[in-house]
Amino acid sequence: MLLKICLLLFPFYLFSQEITKELYGNGALKSVGILENGKKEKSWKYYFPNGTLNAEFYYKSDVPDGQIKYYNLQGNLLTTETWANGNMNGPYQVFSPQGQVLSRGNFQNGLQEGEWKIYYPNGKIHKQGEYSKSLQQGSWKIWNENGVLIEESTIKKDVLEGPAKFYRSDGSLEFEGNYENGVMKGEWKTFNKKGKLVKVKKY
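Heads up, the sequence shown is in the working numbering, so the first residue is 1 and it goes up one at a time.
Mixed in with the good hints there might be a few duds.
Below, simulated BS3-like cross-link-like pairs (lysine-lysine); rule was C-alpha separation at most 25 Å, straight line [stated by the list, open to error]:
1. 42 <-> 21
2. 127 <-> 157
3. 141 <-> 127
4. 69 <-> 40
Beta-carbon label-pair distances, calculated as ranges [unchecked claim]:
5. 170 <-> 128: 18 to 28 Å
6. 84 <-> 150: 30 to 40 Å
7. 163 <-> 196: 17 to 27 Å
In short, the hints are calculated from the structure, not lab data. A virtual CB, placed ideally from N, CA and C, is assigned to each residue, including glycine.
Full structure from sequences and hints, please.
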């Protein structure tokens, strides 16, 4: 059901602006925002059937433009997106129900681009690396929940390619070697906790 309330009507301009409300079958508010000449404009809010805010959008000529926020049923912020030119363009963040950032990065023309960081619920970093057109690219690092670096690798278009190092939970180097097209190649070295080379295996 749509309810339209005329807000502004200028005889000198060829547009009208209306506050538009959409309701659920039970009469609860589903969405509210501004229509100009039948197109969504500016701020719109969307609600769950229980009345809790579900999402906040910003539109330009019926197309999302600006920051978009999504919430869960408890009213906690879940994600923030940035839109421009009909695609996700700009900062993106995901949050835990407690408000902790779980991931953050950027989109360009709807694809992940540049540096991204993934976090554990305790706030410590889990993964960090680069994306190019939504594919992992370049150096990536992984930490355990205690903040200890456990892996360093090189990735090309989502596939392991190049040098890699793996560490124990105490931070000591355990293995190192190279990947080619996702497969171990060449010499792989194993070290003991004191850093002494104890094994070399060829692939």
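Cross-check of the supplied hints:
| no. | hint | verdict |
| --- | --- | --- |
| 1 | 42 <-> 21 | holds (14 Å) |
| 2 | 127 <-> 157 | holds (17 Å) |
| 3 | 141 <-> 127 | holds (6 Å) |
| 4 | 69 <-> 40 | holds (17 Å) |
| 5 | 170 <-> 128: 18 to 28 Å | holds (21 Å) |
| 6 | 84 <-> 150: 30 to 40 Å | holds (37 Å) |
| 7 | 163 <-> 196: 17 to 27 Å | holds (20 Å) |
This entry satisfies every hint, going by the numbered hints stated previously.
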